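Listed below are the residues making up each chain.
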Amino acid sequence: MFAERALGTRTPSELIWSVALWTVMGLFVANFMLMILAVLVNSFATQWFGTWLPPAFTTKWYVSAWREFQLDQVLVVTMMVVGAVVVISGLIGVPAAYALARRNFPGKRFVLLLLLLPLMVPPITYGIPLATVLYEARLAGNIWGVILANLVPTVPFVVLVMIPFIEQIDPRIEQAARLFGAGTGQLFVRVLVPLLAPGILAALLLVLVRTIAMFELTFFTAGPSSQTLVVALYYAVYAPGVRANQSIDAMSIIYMATTLLWLMIALRFVNPVQLVGRPR
Amino acid sequence: MFAERALGTRTPSELIWSVALWTVMGLFVANFMLMILAVLVNSFATQWFGTWLPPAFTTKWYVSAWREFQLDQVLVVTMMVVGAVVVISGLIGVPAAYALARRNFPGKRFVLLLLLLPLMVPPITYGIPLATVLYEARLAGNIWGVILANLVPTVPFVVLVMIPFIEQIDPRIEQAARLFGAGTGQLFVRVLVPLLAPGILAALLLVLVRTIAMFELTFFTAGPSSQTLVVALYYAVYAPGVRANQSIDAMSIIYMATTLLWLMIALRFVNPVQLVGRPR
Amino acid sequence: MARTFEQLRLEEIKRDFGAMSALKGVNLSVRRGEFIALLGPSGCGKSTALNCLAGLLPLTGGSIWLDGQRIDTLRPEDRGFGMVFQNYALFPHMSVRQNVAFGLTMQKRARAEIETRVDKALDIVRLRDQSHKLPGQLSGGQQQRVAIARAIVIEPRLVLMDEPLSNLDAKLRLEMRSEIRRIHNLIGATTIYVTHDQEEALSLADRIVVMRDGLVRQVGTPEELFARPLHSDVADFMGYRNLVSTHAGRAAGDEVTVTIAGARLGARVVEPVGAGGMVTVAIRPDDLAVSPEGPLSVTTDTSEYRGHDFYCSGATADGTTLYFTSPRRLAPGEAVRLACSPDRVLVYAGGARP
Amino acid sequence: MARTFEQLRLEEIKRDFGAMSALKGVNLSVRRGEFIALLGPSGCGKSTALNCLAGLLPLTGGSIWLDGQRIDTLRPEDRGFGMVFQNYALFPHMSVRQNVAFGLTMQKRARAEIETRVDKALDIVRLRDQSHKLPGQLSGGQQQRVAIARAIVIEPRLVLMDEPLSNLDAKLRLEMRSEIRRIHNLIGATTIYVTHDQEEALSLADRIVVMRDGLVRQVGTPEELFARPLHSDVADFMGYRNLVSTHAGRAAGDEVTVTIAGARLGARVVEPVGAGGMVTVAIRPDDLAVSPEGPLSVTTDTSEYRGHDFYCSGATADGTTLYFTSPRRLAPGEAVRLACSPDRVLVYAGGARP
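Chains as they are written, first to last, in the numbering used here: chain P, 1 to 280; chain C, 281 to 560; chain A, 561 to 914; chain Y, 915 to 1268.
It is possible that part of the hints are untrue.
Stated by the list, open to error - Far from chain P, some chain A residues (derived; all Cβ distances over 10 Å):
id : residue
1  : Phe577
2  : Met580
3  : Trp625
4  : Ile631
5  : Thr633
6  : Glu637
7  : Arg639
8  : Glu675
9  : Ser726
10 : Arg788
11 : Asp796
12 : Arg801
13 : Gly837
14 : Arg866
15 : His868
Stated by the list, open to error - Partial list, derived from the structure: chain C residues whose beta carbon lies under 10 Å from chain P:
id : residue
16 : Ile296
17 : Ser298
18 : Trp302
19 : Val304
20 : Met315
21 : Ala318
22 : Leu333
23 : Ile372
24 : Leu394
25 : Leu397
26 : Thr412
27 : Val432
28 : Ser527
29 : Asp529
30 : Met536
31 : Leu540
It should be emphasised that the hints constitute simulated quantities derived from the structure, not laboratory data. Treat the numbers as computed from the prediction; the structure is a model and nothing was measured. Every residue gets a Cβ at the ideal spot worked out from N, C-alpha and C, and that includes glycine.
Starting from the given sequences, assemble the full structure and let the hints guide the process.
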């Protein structure tokens, strides 16, 4: 499994350490996968107690979950919210990122820190006051409130993701376009947008995944007709009344599948390591 | 405010666009700051209705929140959970990151994707099955369950944050250390750990902030004596009974201050742009 | 067709960056068809001057004229110049053909005209068969040729080149050097070429402009600059590695006698020198050769084989290090005598080394 | 004191990377105190050979001996060699002094001994006054000197250098070249120096090992390699830019007559050639000079000023491009005749250019 090592052969203690490390990591990954598999199997099971596999499979839990939680309406709302958030944060975030990447001004670092705040401060912290403000402005309880609340973390996210993509474009390329006759409009259409396309795509897909998963902000600002999938899932778990746990698992699977689908699409455009961090 | 532009003077349409952009961004930031300010003022107010400033200030809400929610115990639990999570994810994550960064093997990209899953999939998705597994293993409902659940996203996080730091160290430096007489132990102690220190510090501080803020996993696995601050805050908001909203705001402020303190420390070591993403 | 011109004039052009002056008033006039090299160490202002010409940096003083037209107030896209960047600055998402066609597309030329002219430009740089590749698929030398084609296809009044060869390896650099001069001769454009490499400037240019600290130090043909640099700092830059501070004797016309480590050498005055004043004496290592009867005596330090001869260093009795050439390998510590023709010993005013 | 040795022997050393062979059986023996340059184009295996010597890459065949001791099975930390890396590979978190002291600290030497030896090494590379700075605060040349001090302070049996000058600019490269040779002479170490720059190898080495495709092509002194490369590919690499395929006449001893574009030239056989067989003729541009009576006739293409002379290219009647030198500038299209001493026209078997 290992590629060749450059520094001679390994000592026994290194070998033990290496085996231990890979065992822990393997168990970790296996446990995580098994857990998800259990949910998946359960959601298709008629009943499942104490056996290796359930006695029979059915899709009835999906049907009942769909009916009980009005998932058709929930999915439409989710799509509308997510679509609006993606488009608006792209339209505000990309130009703002260009301005921040290409200009130097006093306090630039401070602006970057301010933009980081809504990303790093947990949404539950500012979700309640934000909902209060929106209710007073009569903007909460409907789909616009949900969209506005979700823009609070996504716009800074787009800005911060786009800045390194923009900084990566050699300013000499822009200068060359200028020199060979391109005005500002042509510069954007012919040079900048094509070069930034992968970055824009990656940023917006990640906004999409984040917005699907954003529980707190949507929970605080949604009314009965503006619930998204993640809020519906929460109500399914905690709303009063006894429900088969298969029904909840079925909803979890619907939700997980939605998120994973988009996540996989996003990963075609971004290297996983690069999404998390890089050294100075 | 702007530094000089390289490409001649700006046209009127560019000027308008630029002013509009900065206005939107300014309003956005101002709104966010005002919201937090309102919570802060309210938490110190005796009463506050419809005036610019509350009539009088007090710290009684902090005292009552402290008593009512047994914050001394909550803070101790939070510290223990966060401390254990930080130490354990560092001990597992850093060596695993070294192995992943320095070796090439078939399926490496797949392992990286698996590690990304617990980070990108929202915790609410796998929190419930994870809690179920932990309860069956009699590990949930106490502090160990909370720690184990929190390790699921933090270990992969440390691995993925550390990989670029490790890749950044020139393998020739390790070779030089070897050649000039350092064995594996000396190599780690004298060369690798000092060079990785900023990365390790940054990764662990971010794990700390994330764990303080991790609501879902802790919520699902905590018993009455193993609540952390964020779960206590949630109960304060949603538990039955009427409470002054100032008391809740006071708790929000305690919570936000805790998070921000650590976040600010973390930002001394990591560039905000680099925390979010970088292009391929 | 590009509008043509007889003369490009830079009049006292200045450029400040905050408190720092990169150009302190540069005057220069260039005739149509000339190949001009701006030569100087990094930070001398040569690249700033080129960017000002291109319109990528606004002037903070002075003016630039093409015959009677003032051009420093024009936007870069309106000047009609071609430019070749150091790092090529090709559009990475466009094919070679699209890159070359970019300038003509912006001018909204007819499709047929664009095709013809792009083909011709690709023929000139010998890249016709690579035209559908992306820049990333080409080697460094090929990318540089695409950049040249993109600059010449618009038939620019002026071609600006910013150290175009500095990212290439030694062998390719030699080849592309010939290529650039060949293309210049072929299309008859006026070229301004920025470089810090004196060999490159000597081999390519019709005239060389040596710059230092934002000022022009000397303008001349390669032969003039090689044989007779007007200042000691220009001499240093042109490869006069032996620069010795000493006192001058009495000058007779431009002839003078200087003393180095007790030895008397005939020399030529380049900058006026008072009798007995401090001077700097400049000699190329290639002109200072081992000769049994030579006046200078040195103890050999190192001796490096260069193929036909040896490049050596040695110290005089007073500790001055001299670089010289020898037809045979000298052992470290070996004492030799050196001589140099008086015509090749140049004397400059002032004793401080530049 | 380092253990010393009389002879280092590489016996049929091989190194494969998967299906690719980087070293295909290299034999070499090095005497104590020699300065050996491994010279070749990139990918020729010279760096692989150095890494195998250092122990950073295990061999896949053959053995390495220091007198009677087999060393290829030792771990790198047990070989006691010093190495200077291309990118310096200094420890960025340690001061200059700590970097230099690293090897001695690992050997657990007494503090006083470490201090003395580090001071001495820093004196040798002339960096005593920079000893408390971090590597990041030094210039490229200074970092390279720290790397050299770190390698020599342990008094290694062998100093390995992997293209140590390739990251420096042209002027600094010349200075550090002299510096490296000076230090080699001073400490009397045995040095193996990898480079792709023939000038560097010629000027530094006692013996040059030319490698190609994982094999040794020629071993010899700089003078031997410069004047008499044994194969046409070595000639190409040593600056014989004119390589012409043609038929050879009958050889008399090592003398032979070759025909280039109808002109007959006297030549010297280096690789045995059958009469009438295809040969490659190699001539340096510096040996092919303009001469009114010369046998070769060319039409000038380009003419580049080099200072004392002009470096020109031209085409013969049959379209072969030749590079030659001229004492005056030639106009494009000017017809000139060229001559070359028969001793400087080398003939190799086989007509294909390398």
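Hinted contact Met315(C) with chain P - closest CB pair below 10 Å: With Cβ-Cβ at 5 Å, under 10 Å, it holds.
Chain P contact restraint on Thr412(C) - CB to CB distance below 10 Å: holds (8 Å)
Arg801(A) non-interfacial with respect to chain P [C-beta, more than 10 Å]: holds (34 Å)
Distance rule for Phe577(A), whose beta carbon must clear each one in chain P by more than 10 Å: holds (13 Å)
Agreement of hint Val304(C) with chain P interface, Cβ distance less than 10 Å: OK, holds: Val304(C) within 10 Å of chain P, min 6 Å.
Non-interface claim for Glu637(A), where every Cβ of chain P lies beyond 10 Å: violated (5 Å)
Minimum Cβ distance from Thr633(A) to chain P greater than 10 Å, as the annotation requires: holds (16 Å)
Given hint Ala318(C) near chain P, where the shortest CB pair must fall under 10 Å: This hint holds: Ala318(C) lies near chain P, its Cβ roughly 6 Å from the closest one there, short of 10 Å.
When the least beta-carbon distance from Ser298(C) to chain P is tested against 10 Å, hint result: This hint holds: Ser298(C) lies near chain P, its Cβ roughly 7 Å from the closest one there, short of 10 Å.
Outside-interface status for Met580(A) - nearest CB in chain P farther than 10 Å: holds (16 Å)
Chain P contact restraint on Ile296(C) - CB to CB distance below 10 Å: The hint is violated - Ile296(C) has no Cβ within 10 Å of chain P, the shortest such distance being about 12 Å.
Check on Gly837(A) being off the interface with chain P, judged by Cβ distance over 10 Å: holds (48 Å)
Checked against the numbered hints given earlier, this structure breaks hints 6, 7, 16, 22, 28; the rest are met.
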